[in-house]
Each structure stands twice: as C-alpha cells, then as structure tokens.
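Full structure from sequences and hints, please.
Chain by chain, the residues run as shown.
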Amino acid sequence: MNIYGIMAIYKFEMARTKRTLVQSIVAPVITTSLYFIVFGAAIGSRIDQVSGISYGAFIVPGLIMLNLLTHSISNASFGIYFPKFVGTVYEMLSAPVSTLEVVLGYVGAAASKAVILGIIILITANFFIDLQIAHPVMMMVFILLTAISFSLFGFILGIWADNFEKLSIVPMLLVTPLVFLGGSFYSTDMLPQPWQTISHFNPVLYLVSGLRWSFYEISEVSVMLSLASILIFMFACLGVVYYLFKTGYKLRS
Amino acid sequence: MNSDEKPILRIKGLNKFYSGGFQALKDINLDINKGEIVALLGPNGAGKTTLISVVCGIVNPSSGTVTVDGNDIIKDFRKTRSIIGLVPQELTTDSFETVFSTLAFSRGLFGKPPSPTYIEKVLRSLSLWDKKDDMIMTLSGGMKRRVLIAKALSHEPTVLFLDEPTAGVDVNLRKDMWEIVRELKAEGVTIILTTHYIEEAEEIADRVGVINNGEIILMEDKDKLMAKLGKKQLILDLCDQLSAVPQSMADYKLELSDNGMQLVYTFTAQGDRTGITALMDDLKLAGIAFRDLNTTQSSLEEIFVNLVEESS
Ligand SMILES: Nc1ncnc2c1ncn2[C@@H]1O[C@H](COP(=O)(O)OP(=O)(O)OP(=O)(O)O)[C@@H](O)[C@H]1O
Ligand SMILES: [Mg+2]
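Chains A and B, in that order, are what the protein sequence lines are. Its first residue numbered 1, the first sequence is counted upward by one per residue in my numbering. Its first residue numbered 1001, the second sequence is counted upward by one per residue in my numbering.
Please keep in mind that the hints were generated in silico from the structure rather than gathered at the bench. Predicted, not measured: the structure shown is a model, and the values here were computed from it. Any given hint might turn out to be false.
[Said to hold, decoys possible] Reference excerpt, derived from the structure (chain A facing chain B, CB under 7 Å, subset only):
| hint | residue |
| --- | --- |
| 1 | 4 |
| 2 | 8 |
| 3 | 70 |
Ideal Cβ placement from N, Cα and C applies to all residues, glycine included.
As structure tokens, then:
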C-alpha cells in the first residue's frame, strides 16, 4: 500500500479547498441561513408543523442532504477532471499508485470536505432552531455513507466527462431535481397520488428519510431500507470505479 | 554492450494500436543497459512519446512485454514505476501550487517518505531554490520546465525519461540540464531522452536510436555509428579549370563541380586505407594541381536524414 501516495493526493485536494476557504465555509453558512429565513421563518410560520415537528426543524436533514450530495459530487468530479483537463494526470498515471489508492485519496478528500460542510450546516442550523438529534451515531453513519457514496459517484462523473458541460449537466439535470423531489423540504405524504408512489422510486428519498429518522425518529421508509439503499449505491459506484481503472477507461489510451 | 549485465529496460515485441486502429509502435525490441544515456531521434509522429508513455504506464501496450530492472511494467507496476522518473514533452503543471509543495506532492505520490533536504538539493541543482515559495503559474516557461525536471527527480529515480527536454529552453538551462544529466549518469542513473536537436544526441548520448513510423530503424553506439556511417569527403580546390575527370582516375569515383574548379573525393573514415596517398600520387601523374584542400565529415544529422528518407 502506497500510504504516502494516498496522503499526497488527499493533502493536495484539501489544499485546493484551503485556498478558497471563504468560499467553502462562508458560502454554505449564508445559503443555509437564507433557507432558514425563507423556509423556516417566513413560510414555515404558516405551515406550522410537518409530521409533528416544526417546519424549520423538518428541513434540516433535507438541507444537509442537498449540500452533501451536491458538494460531494462537485468536489470529487472536479478533483479528477481538472488534472485530465490540464494534463497533469500524466503524473498520477505514471506513479506507483493503485486504483484503490487513487480513489482513497480523491474520494477521501471529497468526502471529508462534504462531512465538514455537513457539520457547518448543522452548527448554523442550531442558531435558528432548537436542534434535537435522537440518534447521533446513526446521523454520522448516514452523513458519512452519503458523502462517500456520492464522492465516488462524482469521481466516476469526473472520469467520464470530457468537457465542462458534461461535468455540470449531471448535477444540474439529475441530482438537484432528485433532491428537491425526494422529500427534502416536505413530506411525500403531502403529495397527491400518483406522485406519492412515484416518489418512492426516487433514491434520494431513502437518504433523506434515513437521515431525518436519526434526528426525529420519523421516516417515510424503514431505516434499514434507507441504510441498505445507500450501501447498495456505494458498492455499485465502487464496482464502476474498479472497472474504470481496470480498463484504463478514458484515462489510459 | 556489456552482455553479462542484465538490461535495466527490456522491450520485447511491443505493439501499440490506438483506439482508432492506428498503429503507433510496430514490434519494438530494445534493451537498454544500466547507466546508459540513450537518445531517441525521429520525426514528428514517429512514436517516441508513445514508446516512453508505455514504459511509464501512461499508455497501455497492445501486445508485447516491457520489463524494468527485471520487473514487468504491468504485473509489478509498483516496483517499476517507483524507480522511473518522467519529464513529459508538454509543459503541464499545476497553477496554484508552490514549487516546493508540488515537489513534495510528487515525492509522496511515488511512495517516498517526505524529505525536505532532498527536495532542497534538487531545487538548488536546478537553480529553483529562490523560487520555492512561488506559485507555479507565476513562473516563465523555462522555469516551469525546470520544475517538471525537479518533479521527475523528486523521488530519486534510477531510470529517467526526458521527452524533448530542451524544447523552448535557453542556452543556460540547456547547459544546466546536460550538467545534471552527466551527474545523474555518474550516480548510475539510466537516461533515455528524445530530441529533435541532433547535436544534443551527438554531445550527450552513449547510444542513439532512430524511430520512424513506429519502428526502430537503428540502434547503435554513437561512436560506432559516426564511424560506420560517417562519410568523409576530401575537397580539392583546383588551380586550373577541368572539363572532365581524367579516364585514368575513374577508380576514385571523383565528382567534379559544375564550374570545373573543385574535385570531391568521398571515402569512409573507418577503413585503414583511405586511398588518399594513392589519389595524391595519381593527381600528380595526371598533372592536376590544387590550391587548397579540406575534409568534411557528415554529422549525425545527415546520417539521420538519410536513414529516415531510406526507410519511408
Ligand atoms: N491518444 C492518441 N490517439 C490516437 N493516436 C495517437 C494518440 N497519441 C498519439 N497518436 C499518434 O501516434 C503517432 C505517434 O505519436 P507520438 O506522440 O508518439 O510521436 P512522437 O514521436 O512523440 O512525435 P513528436 O516528435 O511530434 O513529439 C502519431 O501519429 C500520433 O498522431
Ligand atoms: Mg513526442
């Protein structure tokens, strides 16, 4: 195992964030605050309660999920796309690092950043509402698994993409809609049929539901189902990543 | 060549087809010994970069085997890649990293524990020490090239590939570079470089290879090559115009210049007997006097151009 190699990639990726520290911390704090002002205070004051809890509290897990997903994907996809784009990827390809080590470096860094972001949002949320976390360990499990899985997904996206448009189209056209339609900001039982049923085909619903359960013990699907679906997604991504490197797909000609 | 020593790099039956079906390398067979400096020459698109890229692990071979220090580049990629350093042809560097951190990154990537003292040594040898905290994007092109060389040396490789290291480089850096190459050779590092400047190959290489259309059309000790293929010419400036080479001297295959004032005698430099003495005697007999004479030797460049023309 090339530990120094993994550390080099990890540190490189984390340093990229350090250079844009303001953007990486201030931006999510501001957007989270906006969500609480608009949805929590303004609109939430007229909704009063969803599934027995205040609307402001209800959207916290959804908000964390939204940020985890988008940032995991963008961090990991940019991380690997950029060296390809500028040509510096030659060094990684000629280095004694295995697939696993490259993935650990890039995905580890992207996931770390996403988890830090999740915690920042949690702290910000605490200023607006009185947060209660019923199962903190399970919360961390969900946050970690989501960050890792979607960083893997982002990594695949970054390898697949051969231009900037492809890189941004998937988060925009796929991930954002799925998050918004996955019950991040409402309970799907507020929807009329057939949308309720259709919603259950949305994988993000299972993530949001699981994370929300760890906070308030309310969920739309069973927690085990949530856990299983995120694990299945994670292993599917791992399989794809393994295949990509095995064949040198789009990296080695 | 020292036959009882195992070659550090052995390439056997290597073929490379790119995805479009284009064959960039055709049945390459090549042995390179430890501590050699080998220069690869060849026109644009000959396959030099492709060959290097296969050995370094950037391009997948289509068939054939490559071993570095006895290890297969695919099965034992960790062993082979950790002893190889590569300076790529293209100037590709990160922009926002500092010079020092990019070297630390390279060293780590290649599995070596951090060593600020070693990195300092490399940076000093390339006159980069005072730039160590500068962002790479603020450096000039030649400085970036130095950074790439420094990166390639950061993990103390024993086999170094330099893909056109002197493209766009000024005289000073070129001198520095050859100085470093000689030092590395003295430390036992094997160096394989590609270049379009034949004087460079002539100056620095122990062996010279010529690639054309994906084939190695020549691989020879530089000195032997120069001797074997190097033609010498004796040029005689005549006192009196000559209308034709006298019949009595037909054996020498002399060429007469258009104005009839010069005779050119071509001979190979390697033979013991060049025939010059006999030629002089015969000239005297024929009553041909000359004012001046000089000899020229064909350079590697001419050899190279002739070879490539023959093979295509
Ligand atoms: N990724 C690729 N896909 C398809 N063809 C390629 C690829 N890379 C190189 N080639 C082709 O392979 C041939 C050899 O290219 P290579 O870069 O090895 O040449 P070279 O000898 O290094 O040339 P130069 O002196 O210009 O650097 C060229 O015809 C080139 O167009
Ligand atoms: Mg080239």
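Handout entry: Ascending list of hint numbers which this structure does not respect
Key = 3
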